[in-house]
Amino acid sequence: MLCFLLLTLHWMTVTVALQSSREDDKRPYIYRCRSPNMEIFTCWWRPIANQDNVTYTLLYTTGERTPRECPDYVSGGINSCFFDAKHTQVWEMYCMNVTAHTHTGPITSQKHCLDVVDIVETDPPSNLTYVMLNESIGEVGRSVLVSWLHPVKSLVHEEQIMLVYELRYRNLAQPDNWRVMERLREPHVEFLDLPVGRYEFSVRCRSTSNKHWSVWSESIFITISGSALSDRMLALILVTGIAIMIFVFISLGNIPRGKGRIKSFLLPAIPKPCIPGLESALLKKGKIDEIDQHFSSFHSYKSPQYCTETWYQVSVDTGPAVTPSSIQSDGIQEDVLITLITPIVPIRPITQYVTCPDGQQSVQTSCTPMPYVRGPAPYFKEDMPPPEPCPAHPELVSVPGMDYSMILTPAPNCEEDTPPPDPGPVQPELLSVPGMDYRMILNPTPYCERRPLRTSTCV
Amino acid sequence: MNRVKVLQAWLWCVSLWSCWLSHAIPLDCKDETGSLIQCTSISQEKLLDRVIQHAELIYRVSEESCTLFEDMFVPYPLHALRNQGGTVWHTKPFPIPGSKTEIQQISDKWLLHSVLMLVQSWMEPLIYLQTTLNRYDDAPDALLNKTKWVSDKLLSLEQGVVVLIRKMLDEGILTPSVFEHTLTPYDEPSPEVLESILRDYNLLICFKKDAHKMETFLKLLKCRQSNKLSCLSY
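Line order of the protein sequences matches chains A and B.
Counting in my numbering, the first sequence runs without a single skipped number right up to 459 at its last residue.
Counting in my numbering, the second sequence runs without a single skipped number right up to 1234 at its last residue.
Rather than coming from a laboratory, the hints here were simulated on the basis of the structure.
It is possible that part of the hints are untrue.
For lysine-lysine, the following DSS-like pairs were computed, each having C-alpha atoms within a straight-line distance of at most 27 Å [said to hold, decoys possible]:
1. K111(A) to K86(A)
2. K211(A) to K86(A)
3. K1153(B) to K86(A)
4. K1109(B) to K1148(B)
5. K1222(B) to K1167(B)
6. K1005(B) to K1046(B)
7. K1219(B) to K1046(B)
8. K211(A) to K1109(B)
9. K1167(B) to K111(A)
10. K1046(B) to K211(A)
11. K86(A) to K1148(B)
12. K153(A) to K1222(B)
13. K153(A) to K1148(B)
14. K153(A) to K1046(B)
15. K285(A) to K302(A)
16. K1046(B) to K86(A)
17. K1167(B) to K86(A)
18. K211(A) to K1222(B)
So that you can see chain A by itself, here it is in the shape it has in the complex:
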């Protein structure tokens, strides 16, 4: 197997070598043909080396016709053949070979076939110029329009030879960094905002039907001058302007007299919702009866029920159930259910234990039968004697039929041994009752504060 592989390799290299050896100096060789505009073309061949008194003849055929000799050996230079417009056509391929007539005999080159369209290599674009466009205020660079002409002047219509262009440019400060704009179809290109500096531009082109690029055209140099400071100036102006504005606002805001006016001018107060007939002062300081009277005009308002007469003292049993009523762990559910259904609920006193923030437990009584107040069981400790109730009775009063509840602490003379750690006026405690899926916020601390309802000032 290995032998076979080696033989194959050897055969391949020999074949390649044989091929390449044919292009030696022993035979002439047509190495290049070019057409500048698809109407004429020239072919060049390499002569045999070290031979004098050798004449060459080039024979060509187009299609199936009889071979003809080269029409012009002179115009293209030494060892060349020039085909003028009469002898050039794009419909059929040319196949040609060169014969060297030496004293030993004629030596013919290999046949070389070509299609005129494929060998088009035009001159580079001509008349490369530029135009500086208007400088805009505040910008550092300038815009430049670079344009050039189609290289083939004898064209009657530019689309005779479709060209694609390529432009390259560099900032002379970085001579190795050529930047190229490729695949340009139009003979002009606009550069927006070139930075300050000195630039070199050049273009080249090729026919769309083949891949031979022309040489790069002669370069043009463009100098762009501008002030680099204008950037900084702009930034400075901007920062100064903003600082001044901030200063003005702050100073205006701090004027005591004008504070209200300016503030109300710039940020007008959002009017609060207004209930006609209701004044905020009434709600803040008025009595419950008056408020009640006012509210009774509202639809579906029901007076809150105060249960001062219905307080019961309940003795604490050593058992899980605290209340004498039928509130048991199962019964709680029932009661809750019942209270949920009927809006007016029987007043039922419930005692519960609430842990004051200072660690003491206090008995809280509440008269609302709503499901807010329930479940003293988890807090019950067996050995716990009934502590003295806090002098303050914060009442969680819920108004049935309404969605809100009020926490009222009527007794103003409640004191505590130790101040609560939290200096806030209200210290609600989030109480969760196991078995229930709600929580209660109770105000265990004996602060005597009425939490007012949301009031509105009718403007």
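Starting from the known structure of chain A, arrange chain B on it as the hints suggest.
Relative to chain A, chain B alone:
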């Protein structure tokens, strides 16, 4: 395992060899199939594309010539002549299909032959036009150049169409010198300037129309080559 490896290596070598060979042998042209044999003729597609390109250019330049002549010589009220049918300048010995339905019904062979006949029929009139234009005192150079160019290109186009016919229809067409022109050349100079201007204007308009016809026929032919079903827009 060893065998498989050797086989793989051998296949690699063979593929590399074909790469070498393609670089070593001077491939002067490539076939569409990418075969390694030296091709000696241009493919039919390329040929048709080039012919169409030629016809397009001829039409465009004829349009420009017409406009140049009109702006320069034709008095403004007579510009409306261009929209008329244009009097037939010479009788054509063959019917050229005119309407769309007629065009759709004819075959490829007839399309090619029509184009060839059109091209051949305009060669002499264009040469005549060149001579008359030279007689005008202030004919712009651009107009003269364009007319000369068009008449040269027409010759080239004729060559191209002949080669195309040979390729597509396998017919050998004789060169144009054998073809007999059945035209009556206008030899006597016209006594009136306006008459000669109008005659030349008419000629240019007719040529423009015929150039457009040639272009359309060739494009229809190309369309048919690629897709027979959707060539109704022509």
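Hints and how they fare:
1. K111(A) to K86(A): Given pair K111(A), K86(A) holds - Cα atoms ~23 Å apart, limit 27 Å.
2. K211(A) to K86(A): holds, 26 Å
3. K1153(B) to K86(A): holds, 12 Å
4. K1109(B) to K1148(B): violated, 30 Å
5. K1222(B) to K1167(B): holds, 14 Å
6. K1005(B) to K1046(B): violated, 44 Å
7. K1219(B) to K1046(B): Holds, because 13 Å separates the two Cα atoms, which is no more than 27 Å.
8. K211(A) to K1109(B): violated, 35 Å
9. K1167(B) to K111(A): holds, 23 Å
10. K1046(B) to K211(A): holds, 17 Å
11. K86(A) to K1148(B): holds, 15 Å
12. K153(A) to K1222(B): violated, 31 Å
13. K153(A) to K1148(B): holds, 16 Å
14. K153(A) to K1046(B): holds, 26 Å
15. K285(A) to K302(A): Since the Cα atoms of K285(A) and K302(A) sit roughly 21 Å apart, the hinted pair holds (cutoff 27 Å).
16. K1046(B) to K86(A): holds, 22 Å
17. K1167(B) to K86(A): holds, 23 Å
18. K211(A) to K1222(B): holds, 26 Å
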